[in-house]
Amino acid sequence: MDAVTLEHITKTYEKGTVRAVEDVSFAVKPGELFGLIGPDGAGKTSIFRILTTLLLADSGTATVGGHDVRTDYQAIRNTVGYMPGRFSLYQDLTVQENLNFFATLFDTTIAANYALIKDIYEQIEPFRDRRAGKLSGGMKQKLALCCALIHKPTVLFLDEPTTGVDAVSRKEFWAMLGQLRQQGITILVSTPYMDEATLCERIALLQGGKILSIDTPDNIVRAYPHPLFAVKTDAVHSLLHDLRAYTPVLSSYAFGEFVHVAFRQNQPNNDAALRDYLRARQHTGIVVKPIAPTIEDRFIELMTANSTAAHGN
Amino acid sequence: MKQLLVFIRKEFYHVFRDRRTLLILFGLPTAQILLFGFALSSEVKNINLAVVDFAHDQATQHIIGKLQASRYFHLQQAPLSYAAMETAFRQGKIKAALVFPANFSADLGHTGRGQLQIVADGSDPNTASTITTYLTAIVGDYQRQLNQAAGALPFQIVPETRLLYNPEMNGSLNFIPGVLALVLMIVCTTLTSVSIVREKERGTMEVLLVSPFRPLLVLIAKAVPYLVLSLLDFTLILLLSVFVLDVEIRGSVMLLYGVSTVFIVACLSLGLLISNVTASQQVAMLVSMMGMMLPTLLFTGFMFPLENLPGPLRLIPNLLPSHWYYLVVKAVMLKGLGFGAVWRETLILLGMSVALLGISLRNFNIRLA
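Order-wise, the sequence lines are chains A and B.
With my numbering applied, the first sequence corresponds to residues 520 to 832, in that order.
With my numbering applied, the second sequence corresponds to residues 342 to 710, in that order.
Source of the hints: derived by calculation from the structure; they are not laboratory data.
Be aware that one or more of the hints could be misleading.
Straight-line C-alpha distance at most 27 Å; calculated DSS-like pairs for lysine-lysine [stated by the list, open to error]:
| hint | chain 1 | residue 1 | chain 2 | residue 2 |
| --- | --- | --- | --- | --- |
| 1 | A | K548 | A | K690 |
| 2 | A | K534 | A | K729 |
| 3 | B | K386 | B | K676 |
| 4 | A | K671 | B | K541 |
| 5 | A | K671 | B | K351 |
| 6 | A | K548 | A | K729 |
| 7 | A | K690 | A | K653 |
| 8 | A | K637 | A | K671 |
| 9 | B | K351 | B | K541 |
| 10 | B | K434 | A | K534 |
| 11 | A | K637 | B | K343 |
| 12 | A | K637 | A | K653 |
| 13 | A | K653 | B | K351 |
| 14 | A | K653 | B | K541 |
| 15 | B | K407 | B | K386 |
| 16 | A | K751 | A | K808 |
| 17 | B | K343 | A | K671 |
| 18 | B | K351 | A | K637 |
| 19 | B | K386 | B | K434 |
| 20 | B | K343 | B | K541 |
| 21 | A | K548 | A | K637 |
| 22 | A | K751 | A | K729 |
| 23 | A | K653 | A | K548 |
| 24 | B | K407 | B | K434 |
Bear in mind that the values here come from a model prediction, so they are computed numbers and not experimental data.
All chains, please: the whole structure from these sequences, using the hints.
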């Protein structure tokens, strides 16, 4: 039995004018680390709130641990762990008081499940008497994770746990998720950071409330259909301009210090032809190198394909 | 049960760690009681009074002695003439003057009818009317003494008051039941609604809802601390009234606590209702302050006499729990009446509390939207 299922879930706000989630279906296997990847406004939080029984979907059905989110909400609330996107602990309580409060709320004690949170809690223990509001961003997330884990949930919902957290803490956080997976806890995590997608077992790419693709990160990258190059010259602005005017190029977008360029057709002299074209346009310091696509490249490609298809209709 | 206790303890942490909440809880009632007790009282003290005594006899000395003994009056050096008196009035040195004619005692002794004049500064009519009432009372006191001493022969002193105004001498203690209603209303309704809305605003409500803790227990856990704190407030006001304002509590204190508990439950339910329909602390604060304080001030009856309300508006007070609470507390605290005299009002209040509590529990949102 799947740990989480969604079937044709649709959710609108403002009397149907804002479509937050549109006909979303997917399933998460027990013990899986599943990622919802998408920019702000893609519908990640709405999906989380529907699954945690906080919101009712307009249509469609969803289950968590076999319980229906609409009718069997208390059973779900009893067993899942939820960490909302915004820091949602009591800022005026200390680290220790927060953890104690949530442990008791879930009818357990810190001691009973200490093994589960030990690795994480040890990092914040030096600050146990500090008020939660005075912790750094990374510490807050660790405390929130402890509080969400303290009752050994069967399914853990983490809504953008690494947003607003520094790079080192992000890395640590994902390492912790990896450890939790070893304990057999099903984890549903959302993130706007594409680089974090590869750390999940399977991901769903979300855009505008719709699912663009669901697969393992490797398969999603592998499905990228175009030859891709990273291009750099001394004049970045005119480079983007010139690339757009160059017909063999399907799409080009800034990606760090490089511009990623996808060609319409896979021809062996693509890069040489592009170099000639740029030289003719008075560019200097030209670098053109073939690269392997990332999740983000695939995301942008799916997004553009999707919107072109929509316009075509 | 253990969950509930931990939750309630958490609520107390919130209260005692937030200076603003503490200020509303304990600063507000203290300020209100002291303000109404001393500053906003209709009582007039230390009135500068001039005595123009043309008689200089035993009777006038007697009355002047009584005036000096009174804490209401501050006797000025007596001006010797009408002209000097008028100057003193114009310069604001005196608020009132008492004029004894030259033949005051003679008239009193021979005809049994003495006349004197009270002159008051009418630019502040309320104060002036209070002053004349005080003076009349003091003169009347002297008259009674004379009559007792003389036995059969009635003496009559007729104070002639130049500024006639008939104030209904409101008992100055009337305000304490009113302040009680006002403070409990504000503390319970505002603090309860704000504390629930804060959980929504900060996102902690999401986490609370996604837990085994039943949503209704959230409400109970919120209500219990504020019930306790409100009763503390009630005690604070009683103590201030007794020890600072020298008010005597005539009726049963237990009955007062009982009725207050019922009233507090009504206010808490109102607070829960407000928290259901508002999404931010500011709005909750505004709604409970404006929506509760103004009607309480206007329609409870402690500031403005309800008899003055025009026809249909006179029905409004009946809808306010604070009105019934005010009636009961006034009767028990100031008149010393027992439960037998106020059971009807108490019952109405109880009915309102139960109804409000039912409505707020039914409307509590177990989801986010």
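Hint by hint, where does the structure go against what was stated? Just the numbers, ascending. Failing hints, ascending: 10, 22, 23.
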